[in-house]
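Assemble the complex: chain V is given as a structure, and chain U must be docked to it using the hints.
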Amino acid sequence: MADSPQDPENGVLDLFSAVPPSGVAAESSAMATGDKADADPEADGPRVWSVAEVNRAVREHLEAGFSGIWVSGEVSNWKRAGSGHCYFSLRDDSAELRCVLWRSDAARLPMDPDDGMEVRLLGDLTLYEARGAFQMRARKLEAAGEDGLWRLAFERLREKLEGEGLLSPDRKRRLPRFPRTVGVVTSTTGAALRDILSVLHRRAPWTRVLVRNARVQGEGAAKEIADGIRFFAATGDIDVLIVGRGGGSVEDLWSFNDEGVARAIAASPIPVVSAVGHEVDVTISDLVADLRAPTPSAAAEAVVPEAETLRGQLGAVRTRLRRALQSGVDARRRRLADGPRRLARAIQARIRPLEHRTETAHRRLGAGIRSVLSDRGRRIRVQERLGRAMDVRIRSRRDQLTGLAGRLQALSPLATLERGYAIPLSSDGHVLRRVEEFSPGVPFHLRVHDGTVEARVDALHPNDDTEDPDDGRGRRDE
Amino acid sequence: MSDDATQPGLETRLQRLEQILVKLEAEELDLEDALALFEEGIGHVREAEKTLSTAALRVEEVLGEGVTRPLEGSPGTTAGATGRVDS
Chain V
1 MADSPQDPEN
11 GVLDLFSAVP
21 PSGVAAESSA
31 MATGDKADAD
41 PEADGPRVWS
51 VAEVNRAVRE
61 HLEAGFSGIW
71 VSGEVSNWKR
81 AGSGHCYFSL
91 RDDSAELRCV
101 LWRSDAARLP
111 MDPDDGMEVR
121 LLGDLTLYEA
131 RGAFQMRARK
141 LEAAGEDGLW
151 RLAFERLREK
161 LEGEGLLSPD
171 RKRRLPRFPR
181 TVGVVTSTTG
191 AALRDILSVL
201 HRRAPWTRVL
211 VRNARVQGEG
221 AAKEIADGIR
231 FFAATGDIDV
241 LIVGRGGGSV
251 EDLWSFNDEG
261 VARAIAASPI
271 PVVSAVGHEV
281 DVTISDLVAD
291 LRAPTPSAAA
301 EAVVPEAETL
311 RGQLGAVRTR
321 LRRALQSGVD
331 ARRRRLADGP
341 RRLARAIQAR
351 IRPLEHRTET
361 AHRRLGAGIR
371 SVLSDRGRRI
381 RVQERLGRAM
391 DVRIRSRRDQ
401 LTGLAGRLQA
411 LSPLATLERG
421 YAIPLSSDGH
431 VLRRVEEFSP
441 GVPFHLRVHD
451 GTVEARVDAL
461 HPNDDTEDPD
471 DGRGRRDE
Chain U
1 MSDDATQPGL
11 ETRLQRLEQI
21 LVKLEAEELD
31 LEDALALFEE
41 GIGHVREAEK
51 TLSTAALRVE
61 EVLGEGVTRP
71 LEGSPGTTAG
81 ATGRVDS
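Just so you know, the sequences run in chain order V and U.
First residue of the first sequence? That's 1 in the numbering used here, and the numbers climb one at a time after it.
First residue of the second sequence? That's 1 in the numbering used here, and the numbers climb one at a time after it.
Each statement offered as a hint is correct.
Taking lysine to aspartate or glutamate and the EDC-like style, the derived pairs with C-alpha atoms no more than 16 Å apart in a straight line are:
| no. | chain 1 | residue 1 | chain 2 | residue 2 |
| --- | --- | --- | --- | --- |
| 1 | U | 50 | V | 306 |
| 2 | V | 140 | V | 118 |
| 3 | U | 50 | V | 308 |
| 4 | V | 79 | V | 114 |
No wet-lab data here; the hints were simulated from the structure.
Chain V on its own, in the form it takes in the complex (with noise of 0.2 Å):
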């Protein structure tokens, strides 16, 4: 305590003026002076005390009444000294205590409070006899608030380490999905390695778990840990690596809030799972890790697959590859045996088009020619029409003449002339039918019935009447 330094002008002076609690003063003083009261005080003068006595006997008074006590108040002046004690003063408005804190109880804080946080300590009062200081020599130091400072701790250390981005989603590794060897960093006597184990060797039993103790609470647990990560870091023994330990108060889970540990996580080359406590529990290290798991036990689920499982997914794997071989075999059989049939429809396949083509260029020509034929044979049927009209004509007109032969015949001057009739012709065979036709002296013919008779006028001797000699045959015939 040689480095403690301490203020004797906080010393105790007003002791017993002091309000102790009631009783334990009294007979604490009462014992101080009883282990005095070994002479009469005043047979020899007054009672005169060294400053040692008297040190002591404050100090003993003081730490017999005011032992286990909360006092609240702001912190100032907070000094960690290398030797690991924590020197400060509480105080509040109208007053200030000195207090210390040893190493073994501030290695227990998360971090050092800020000057002017609202703490309460539980400890002691007491007087460094030395000097004379009066102190509170303190146990426990908290925020306010229920794990106040472990959670402000928390949060600061958060938010360092994801402003450095590794708390970020894009760091988490996948882990391998079948590792041969599984790391764990713990303690070889906790539960949660009995835990891992128990589940990693119900699921997983060809795992090779290798397991790298350390101290999971209390003073230098997290430097262990981070080393214990750093090992396998650096050896690569294994496929991935299990972190963590079983519940506890949040003190003693403090180690896995540790900067140092987090580092180690997020620098290991090797995929980490965290699993620190109870399910509710959240570290640093569990926001660092490539997955957190809610429970040890659950890590080693997480680590591993089950065997049942993969048993399954080989037969399955199984199945296809025979399925795979023999489809592969079945669809070669067929297309040696589709061979003909796909070389057909190959060329089906070339030679419709030009089927097409050719239906088309048919069907086109076989029109044109039908329009054509059927052209031509209108043309045939109007001629035929035709024809059939004019052989209606030629009959009518051949009865027709027939006919008028008959009545030509019943008409013919031939007949006539057999009744005794005569024609008298001119020499150039008109017939000579006015007197003025003949001439005295001139020949003509006479045609009769059965020929030519040559004659000669002698004597003109016309009438006096004279008839149109063209409607003389009609006139004739009635």
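For chain U alone, coordinates are given in the frame of chain V:
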């Protein structure tokens, strides 16, 4: 079982099996190649199944770099002398 270290692990085998299945199921292979792949695949399945049938977890405490000792009292711990870590 230090021979394990020279053998492909489950991860490797299952990855290879996936490749084989993809090839076998999707690709037009010569019958000979298909058969070779099939046989390789079945071999991996058999070896993997053998691995799965391992009876007991091996648990070792690592005392220092390359130095381990069997951890007593672990479930299914196999007896084994302290030795060097593989690889």
